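Student: Those protein sequence lines, which keep their order, are chains X and U. So for the first sequence, the numbering used here puts the first residue at 1375; every next one is plus one. So for the second sequence, the numbering used here puts the first residue at 536; every next one is plus one.
Hints may contain errors.
[What the hints assert, rightly or not] Listed next, the in silico EDC-like pairs over lysine to aspartate or glutamate satisfying Cα-Cα at most 20 angstroms (straight line):
1) K1466/X to E898/U
2) K798/U to E971/U
3) K562/U to D904/U
4) K1462/X to E898/U
5) K1466/X to D904/U
[Stated by the list, open to error] Stretch by stretch, here's where chain X covers chain U in the computed footprint (C-beta under 8 angstroms, at least three residues):
6) 590 to 603
7) 610 to 616
8) 624 to 632
9) 753 to 763
10) 766 to 774
11) 789 to 802
12) 882 to 893
Honestly, the hints are just simulated from the structure, not real lab data. All figures in this text were calculated on a predicted structure; none of them were measured in a lab. Note that beta-carbon positions come from the ideal geometry of N, C-alpha and C, so glycine has one too.
For reference, the chains in residue letters:
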Amino acid sequence: MLETWMVSVYIFVLATFVGIEVISKVPPLLHTPLMSGSNAISGITLVGSLIAAGEGHGGLSVFLGLIAVIFATINVVGGFLVTDRMLKMFRKEPSKKN
Amino acid sequence: MNLLSAFAYLLSSVFFVFGLKMLSSPKSARRGNGVAALGMLIAIVVTLVDQKILDFTYIVAGLLIGSAIGVFLAVKIQMTSMPQMVGILNGFGGGASTLVAFAEYLRLSGDPSLTVWRGGDVGLDILITIVLSVLIGTVTFVGSAVASAKLHGIMRSAPILYPMQKQSNAAMLLLILLLGVFFVLDPSRWYLLILIVLVSIALGVTSVIPIGGADMPVVISLMNSYSGLAGATTGFILSNNVLIISGTLVGTSGIILTSIMCKAMNRSLANVLFAGVGAEYDPTVQATAQRTVIRYTAEDAAYILESAQSVVIVPGYGLAVAQAQHVLQDLVNLLTQKGIQARYAIHPVAGRMPGHMNVLLAEANAPYDILMELEQINDDFQNTDVALVIGANDVVNPAARTKKDSPLYGMPILNVDYARTVMVCKRSLNPGFAGEDNDLFYDKKTMMVFGDAKATVTQLVHLLKK
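Bound conformation, chain U alone (with noise of 0.2 angstroms):
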């Protein structure tokens, strides 16, 4: 590699770095993004101009093929299916990473055929992050396609347990790492990096199907994070610097928003992984309260939000489910005009993904600015006249404050409870994914409506109308 290509190479690192920063504010994410894709161009634009490139063939029928799937998605995908396409690209990107991989590998062989080994002098620092993309990419690769199956309702999002699950994954893992030291004594024995794909694969889908519907925005995140620690591993590999600075970017990314959801959700990163929650819900065996609560109708509902001066909505994930985020705004839109202050308040795990609801919510015309997060808005509850949470439950649950024997003890929730009049639209008084049973639905200040979300809406946005 010559002088000016590693330039350019460094060049196109500053981008990452740069076009992420930019991702600070929502005014020039855009841009930023912008940057990066330059940056991206610049490292391809490079590697085919200065790289032993001997024949272009393949490579711009790749880039077409690739690029028309990655058009296609990219414009098709629904907005509430954004987790699924964002656990899609992670898997190709570690798809991507094994196949370098093994490239490489029969590329150093010397003898592509495999019949005689000629590689003699690999160093066993190559072979090592051979071994590490390999086990790295294939998990991503078929981790994230479990991952978005299960989230795009083409699995069953249940936890799927048996006996001695843990075990039975260390057990793989370890078998790979062994097949791995093999490999490294040893690597002309090429059926062992094809075992090591194999028990990796196998590794990805019972590392994943133990872990609920729910819990996948954790699942995506960390699996965010592995792609782009297989890109790094790729680097290593290739001793290329651009692969190795935004493979770790990206996997920091991951593993900082990792444990923002774990926090959020108020679970370890083990207990998301292994517990399986969610396995044997039964909603009606929880609902033991013989307590009762107060049913309004819409329009007692309308007469108090007509009367408010400030209206925070809590916005959950049943929203999205019901297809409401459009007609909420328009609610929205209409309390703002009669001189009302509404804005939303955001709970981190409000979507299916890390800021999922946020997105939702901008595809629906709503301002960012009256998108609150947990800490903007949260000291703002009392002094704010109705709080409407519409489709959540646990993040809004006061015994996250209180119950010190409730699971959700601890977490972060917003305090809704602290504002003049609480309303909940929901569909039942099933308790929360937690199990725990809401006070806050049998508090005097709160209203119960009952019913769909979108009806629910729709009804008040026409007699707010009036």
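So here's chain X without its partners, still in its complex pose (with noise of 0.2 angstroms):
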């Protein structure tokens, strides 16, 4: 078990080493999405909720699941979806409409 947990950490320690790195060279342009871009994938919740959605003995563990994927749901397809829209608005050239 505890071996598990140690594997755990090592992995959580060398993600933040990979996250500094990688968001560091976000412009700050490009803040916002990151933002929503970034809790989109925090939404990542949805997996967890997914197994205790799916435990088929009833009562109050898979209610909570239920619920729990309601909210991961939403942070999931709201996340990704106003991210691709903000995203879509910047571009390089003025659009022909002006």
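Once you've looked at the hints, go ahead and assemble the two chains, each given alone in its own frame, into the complex.
Tutor: Here is the structure:
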């Protein structure tokens, strides 16, 4: 049990370094899409929610899982979509409408 | 979990990292977001196929309801309301973490009705992470809700202060940790977990209400980080590496943005979180200077703009409040057509969240290669004919460079005072958020054009079209 936990800690620490390395290269121009996009990624809790909601023996546990799935799906779907909506607007040339 | 699905989880982690990496350029950013979304899809499909899922009814229901709400929010939201949107999404992520921790606790207990504790061999590590997940998830959920309510104007955005605020918050956190210790010692005491949730809800409220509306960018960034950490703790509970990796990536992202915002506002994180800046802000007391400024009309301004070769526009949040970004871009297009170089200079705290002003201008069809960051543009001001400041104040206050006793001292500012002419569109001479009078307005080369941002810019566009 402790070994699994140690592996998790290793991954946590190393992912921190990857995060600092990758995120610090994102220009301020894109900080809002970065927030909403990374936000959508943090909706990965959905994976945990799915496991909880699909246990099948009913009761409170599955109900909590259902609410968790709803919350996390809002996070994932809303996050990725709104990020896409924003990034679509970033163009190099002004649009021809003007 | 079999080898194949472990590999698929690894693949989706790689996709997340690549997606974030592609956000480093506006050219690849949109595809990057797609890559991250694909990573998420892989993780979801693998979970559905591989994990011991016995009943899909609730899953399908949850996915459908969640998707409908998510799509609705994403399509309907105004770009000016993006900080609230991100706040709400953070909150849902945090809430999901709390719920998963609870559900996992119920599963481990071996008896969902909690009458008998049969989870004897549950490890200490799991129990500790359950407590952390519940704490972080609940604070994120409630804190984000309060922050979003403040930003949306449902709640008063001014700081709400009361005596012993810091101490009582610290006491609550201590209480949670204490309850956590008792829970870990004897995990059959489920009511302790409920108590932890209740105190965390209170803490989520009391830790955000003392923070003023203008400091919300920091809070939103911080909650972004919390929501990532909440996901990571869920990963610890389930020993699921993709959760740990992506949660941690988001956690670091939020922390980096938080520190960028703090630096740009010249404040420490502690000062933002606890000082309650703006609580007793009274503009009439501050405006004591008896100096005079020279008023100009829009006609004067149009004349100067027309004879310039280079113009740099400094937009502030007042611009977005007046919804003037579209007409401002019309002005930029007009200037460009006349062969005048026109660009924007964007201070990190120009909007209500990191990068917010860039999104607002992109929505108004401003091409991103004229949206300049502080470091990119600051050395260009001395070669600029006109610096046009609209709805910004503190971020162009030279006191940040010179006045050692000013609250702004040391804050990075846009050096508009190095330009040949400075034009300031403002409603009044009231000082900015920091309460520091702005010497720039009294400078000989500064033209003050008083009035509403949108009305003034519209008038400029009209005059330049002639």
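Student: Can you tell me if the region 882 to 893 of chain U counts as covered by chain X, using C-beta to C-beta distances under 8 angstroms and a minimum of three residues?
Tutor: As far as the region 882 to 893 of chain U goes, the hint holds, because 7 residues have Cβ atoms under 8 angstroms from chain X.
Student: Given the proposed pairing of K1462/X with E898/U, does the C-alpha separation stay at or below 20 angstroms?
Tutor: holds (9 angstroms)
Student: Please work out if K1466/X and D904/U have their alpha carbons no farther apart than 20 angstroms.
Tutor: This hinted pair holds, its Cα atoms lying about 6 angstroms apart.
Student: Are there three or more residues in the region 753 to 763 of chain U whose C-beta lies closer than 8 angstroms to some C-beta of chain X?
Tutor: holds (count 5)
Student: Go check the region 766 to 774 of chain U versus chain X for me, would you? Three or more residues, Cβ under 8 angstroms, otherwise it fails.
Tutor: holds (count 8)
Student: How about the region 590 to 603 of chain U: do at least three of its residues have a C-beta closer than 8 angstroms to a C-beta of chain X?
Tutor: As far as the region 590 to 603 of chain U goes, the hint holds, because 10 residues have Cβ atoms under 8 angstroms from chain X.
Student: Mind taking a look at whether chain X covers the region 789 to 802 of chain U? Criterion is 3 or more residues with CB to CB distance under 8 angstroms.
Tutor: holds (count 4)
Student: In terms of beta carbon proximity below 8 angstroms, does the region 624 to 632 of chain U have 3 or more residues touching chain X?
Tutor: holds (count 7)
Student: Holds or violated: are the alpha carbons of K798/U and E971/U at most 20 angstroms from each other?
Tutor: holds (18 angstroms)
Student: At least three residues with a C-beta closer than 8 angstroms to a C-beta of chain X: is that true for the region 610 to 616 of chain U?
Tutor: holds (count 3)
Student: Checking one constraint from the list: CA of K562/U to CA of D904/U, max 20 angstroms. Satisfied?
Tutor: Status holds; Cα separation ~11 angstroms.
Student: Holds or violated: K1466/X and E898/U, Cα atoms, limit 20 angstroms.
Tutor: Holds, at about 13 angstroms.
Going through the hint list in order, the structure satisfies each hint without exception.
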